[in-house]
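**Q** Could you put together the complete structure from these sequences and hints?
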Amino acid sequence: YRCFKAVLFLTGLMFGSVIIFLLCYKERVLDTQLSVEASVGIGLGIGTLCGLVTMLVRSVGLFMVGLLLGLLVGIGTLIGMEELSSNPPRSVWVPLGVLLGLGMLFAVLTLQWQRCFTTLSTAVFGAAVIVVATDYFVELFALVRYIYERVKTGPREPVCWTTWVVLGAWPALALLGVLVQWRVTAEGYSHTK
Numbered sequence: 001y002r003c004f005k006a007v008l009f010l011t012g013l014m015f016g017s018v019i020i021f022l023l024c025y026k027e028r029v030l031d032t033q034l035s036v037e038a039s040v041g042i043g044l045g046i047g048t049l050c051g052l053v054t055m056l057v058r059s060v061g062l063f064m065v066g067l068l069l070g071l072l073v074g075i076g077t078l079i080g081m082e083e084l085s086s087n088p089p090r091s092v093w094v095p096l097g098v099l100l101g102l103g104m105l106f107a108v109l110t111l112q113w114q115r116c117f118t119t120l121s122t123a124v125f126g127a128a129v130i131v132v133a134t135d136y137f138v139e140l141f142a143l144v145r146y147i148y149e150r151v152k153t154g155p156r157e158p159v160c161w162t163t164w165v166v167l168g169a170w171p172a173l174a175l176l177g178v179l180v181q182w183r184v185t186a187e188g189y190s191h192t193k
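Sequential numbering from 1 applies to the sequence shown in full-length UniProt numbering.
Simulated from the structure, these hints should not be mistaken for lab results. As the structure is a computational prediction, the values presented were derived from the model and not from experiment. Hints are supplied without guarantee of correctness; some may be wrong.
[Stated by the list, open to error] Below are the DMTMM-like pairs computed for lysine to aspartate or glutamate, each with C-alpha atoms no more than 20 Å apart in a straight line: (1) K152 x E83; (2) K152 x E82; (3) K26 x E149; (4) K26 x E37.
[What the hints assert, rightly or not] Cβ pair distances, simulated, as ranges: (5) V132 x V92: 37 to 45 Å; (6) E27 x L109: 30 to 38 Å; (7) P155 x G45: 34 to 42 Å.
Glycine included, every Cβ here is placed at the ideal spot set by N, Cα and C.
**A** This is the structure we're talking about:
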């Protein structure tokens, strides 16, 4: 929470870079297919501009931070729906509705209660990054592939118990991140000053 401007900048950089990279890499631009390097360069350039906008316009930055939290909560919801439902939905509209609905809900909530939801968003995102890095070293992105299949409503394949252990670390690390931010680093500090 102390690095509020940096959080806003990095959130905008990440959203802008990833979206523009995927658009440039997957689609033809000016009747030519761009290389990976060109797509990365264009993505980073536009991502930097998005990062500056989110950092300088506080309401846009808070909206993006809340949107990120909503998307992460939506991913957790989709995993829970898949595992707890005896007949999970196979329509592509269900994940889209869940992700967009929760994304918009948390974006608006973050605009209303800035400190609480910014702290929660940074903790959940930080925990997700740690879990993805651990997943890479333990199972070479088995958890990421599983989540990707849940988002695109692909066929259900069983996963190893280590995947569930790694996934179970996500809420535990997020809770730890929230506690550290509320009790240690954000004590007596306000981003509005």
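**Q** Evaluate each hint against the coordinates.
**A** The hints, checked one at a time:
no., hint, in the structure
1, K152 x E83, "holds (15 Å)"
2, K152 x E82, "holds (12 Å)"
3, K26 x E149, "holds (19 Å)"
4, K26 x E37, "holds (13 Å)"
5, V132 x V92: 37 to 45 Å, "violated (24 Å)"
6, E27 x L109: 30 to 38 Å, "holds (33 Å)"
7, P155 x G45: 34 to 42 Å, "holds (38 Å)"
Going through the hint list in order, the structure does not satisfy hint 5, though it satisfies all others.
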